[in-house]
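Asks: Sequence:
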Amino acid sequence: MLSREELLRGTRRLASRANPKIREWASLHDRRIRKELGQTLAEGARLAGEALSAPGGGRFRPMALLLSDSGAERPEAERLFSLARQSGIDCYSLSDDCQARISSLKNSDGLALVLSAGPEPADFARLLALAGARWLIAAGVQDPGNAGALARTALAAGFSGCLFLEGVDPLSPKFLRGGMGASFRLPCLSRNIREFLAAWEDVRGRAELVQASANPAGGDYRSEKYPTPLLILLGGERGLPRELAGLPARTVHIPLAGGVESLNLAVAAGIVLFEANRRHAGDFPAADAVSCRKSGVAPRGILREEPPARTVSARGEVNSPPASGVNSGTGGLRNS
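Residue 65 in our numbering sits at position 65 of the sequence shown; the count goes up by one each step and never skips.
No lab work stands behind these hints: they were computed from the structure.
Hints should not be assumed to be uniformly reliable.
DSBU-like, lysine-lysine: derived pairs with alpha carbons at most 30 Å apart [what the hints assert, rightly or not]:
1. K35 x K21
2. K35 x K225
3. K106 x K35
Quantities reported herein were computed from a predicted structural model and do not represent experimental measurements.
Let's have the full structure, built from the sequences with the hints guiding it.
Replies: This is the structure:
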């Protein structure tokens, strides 16, 4: 293990909160400034490591690795500095006071990475209709932690990308943390509803639009088909915006047992997205949901519907399920 002096050799020292770079990096928590500069922050050793080790050619490009005095004592610091130097990335040594001004975390580990964020593709409608494409369309999601969890779920389910409408900024440091690095491997775009509706008119007839809902009027998600190109539409914490309610989407629902009225947004997305991925892989046929309910036997690859004893939030918290309703901060699918 390198000594502190060896680790910091060749770094630029910043010790004043008034330094222009410190002020600039601290401003990256402002959405307007992020858009203006085309930059964002990956805070924490784990997230910085994900960004440094992500495949090249994506939207994000590491610009500067920041290490505070206390962060230099962490075992991850040597590995991150080695990765940064191999890639020719500038490395800075910061006083703890400077690092505190930059970070939004209550318990920062003293490590952060400044990222350059390239522009979003102008022809995103073309991406939605590519052969084999599968996109998650999340409308009105306001909480960056929820949105980041959706991005990580989409990545794990083998989807092509996420499109956020009228909600969070995919460049937000909180969004990057919520996705635990998913953004570095999965396109995450943002558009307003008007732009999406124009794109839909362009791809209509070439892509399948499916809305996930807890409304039993829709087909059981286990017995539906998911042809590609596929767009799966989810509403945010307050449901689907009314501007999208009239879209000619095929609706699928998730049957809920045990008196549960709704699911965490990322959990609901995961159920539908993984089923679409399972079907896309061709490993299993559509489940006969009615037969499964009558027999009490879960179809191959699908869990039986049983009242859950506990639920796990998007933040990993384990709680007993409420008798009804949902934490207003998590959003998700709700029976109507």
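Asks: Enumerate the violated hints, using their earlier numbering and listing them in ascending order.
Replies: 2
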